[in-house]
Amino acid sequence: MRFKDVFSIIGPSMVGPSSSHTAGAVVIGRTARRIFGAFPAEAEIVFYGSFADTYRGHGTDLAVVGGLMDFPADDIRIRHSLTLAEEAGMRLSFKTASHAAYHPNTVLLKLKEASGREDTILGASIGGGNVELLGINGFDVKCTMNYPVLIVFHQDTPGMVARISTILGHSGVNIGYMDVDRKGRGREAVTVVETDEAVSPELMAVIRSLDHVHRVILADLNQRRQEG
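Residues in the sequence shown are numbered from 5 upward in steps of one, following this note's numbering.
Simulated from the structure, these hints should not be mistaken for laboratory data.
Do not rely on the hints blindly, as some may be mistaken.
Quick list of simulated restraints, FRET-style, between CB atoms [unchecked claim]:
(1) Ser119 - Lys187: 36 to 46 Å
(2) Gly61 - Lys187: 36 to 46 Å
(3) Ser119 - His174: 13 to 23 Å
(4) Glu46 - Gly173: 31 to 41 Å
(5) Ile179 - Asn141: 35 to 45 Å
(6) Ser97 - Tyr181: 31 to 41 Å
(7) Thr161 - Glu201: 19 to 29 Å
DSS-like mimics (lysine-lysine), calculated; alpha carbons at most 30 Å apart, straight line [to be verified]:
(8) Lys187 - Lys114
(9) Lys146 - Lys187
(10) Lys114 - Lys99
(11) Lys187 - Lys99
(12) Lys116 - Lys187
(13) Lys116 - Lys146
(14) Lys114 - Lys146
(15) Lys116 - Lys99
(16) Lys99 - Lys146
Note that beta-carbon positions come from the ideal geometry of N, C-alpha and C, so glycine has one too.
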């Protein structure tokens, strides 16, 4: 494995015994909270592979819920995250499942608001507290959360990806990585963009105003959470 940095070996500062099973799980939870954009009234959490086998012993359930509460990986409140989440009004359920194609440390989060709005986020903890986002609402995507991530839900129309790229480029936002998936030709699609810097609310509004764009999200773990 190519050496990246010391945290690839020892992991980040964290509460818990494992950078993969706790620190990475916190990041997945925080990522899901950013994507959902609100405090979830209900969270169904499905563990796969190694997560499914050891999540209680390694505190992965505490870690994921701590992430949903937006606690950083070294926050001692993670030890009591289940109680704190339920006291705040979050209904929690945990399940286990198997899927051969998934990374061993994979978790699926189904988040719902009281109004019925919901998002489904699939993520994997790949070591050293690092994660990969693998899916959103049934779309297959792949990106890290090491950089700000812009997520654009839109109709699959010619030139849409080019328009998004042009808007970002003209505003001085550098694209580090881009991934696109669609439900079929001319149907619903998603474009996921890792950028070197966070996209401003004004720029997000420009992208949101494009024809055939349904929803625009910024998932930036380094930015103070904004909801509403």
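Tell me if the straight-line CA distance from Lys187 to Lys114 falls inside 30 Å.
Holds - the C-alpha atoms of Lys114 and Lys187 are around 19 Å apart, at most 30 Å.
Has the hinted range 36 to 46 Å been met by the Cβ atoms of Ser119 and Lys187?
The hinted range 36 to 46 Å is violated for Ser119 and Lys187, with Cβ atoms some 24 Å apart.
Can you confirm whether the C-alpha distance between Lys187 and Lys99 stays at or below 30 Å?
holds (27 Å)
With 35 to 45 Å as the target window, see if Ile179 and Asn141 comply at their CB atoms.
This hint is violated: roughly 22 Å between Cβ atoms.
Whether the CB-CB distance between Gly61 and Lys187 falls inside 36 to 46 Å
holds (38 Å)
Per the hint of 19 to 29 Å, is the separation of the Cβ atoms of Thr161 and Glu201 within bounds?
holds (27 Å)
Range agreement (Cβ of Gly173 with Cβ of Glu46, hint 31 to 41 Å):
Since Glu46 and Gly173 have Cβ atoms about 39 Å apart, the given range 31 to 41 Å holds.
Does the alpha-carbon distance linking Lys99 and Lys146 stay inside the 30 Å limit?
Measuring from Cα to Cα gives roughly 24 Å; hence the hint holds.
Hinted pair Lys116 and Lys146, Cα distance within 30 Å:
holds (23 Å)
With the threshold set at 30 Å, check whether the alpha-carbon distance from Lys114 to Lys146 stays at or below it.
Answer holds: Lys114 to Lys146 is near 18 Å, not above 30 Å.
Would you mind confirming whether the straight-line C-alpha gap from Lys114 to Lys99 stays at or under 30 Å?
holds (11 Å)
Distance restraint between Lys116 and Lys99, which requires alpha-carbon spacing of 30 Å or less:
holds (16 Å)
When held up to the earlier numbered hints, the structure conflicts with 1, 3 and 5 and fits the remainder.
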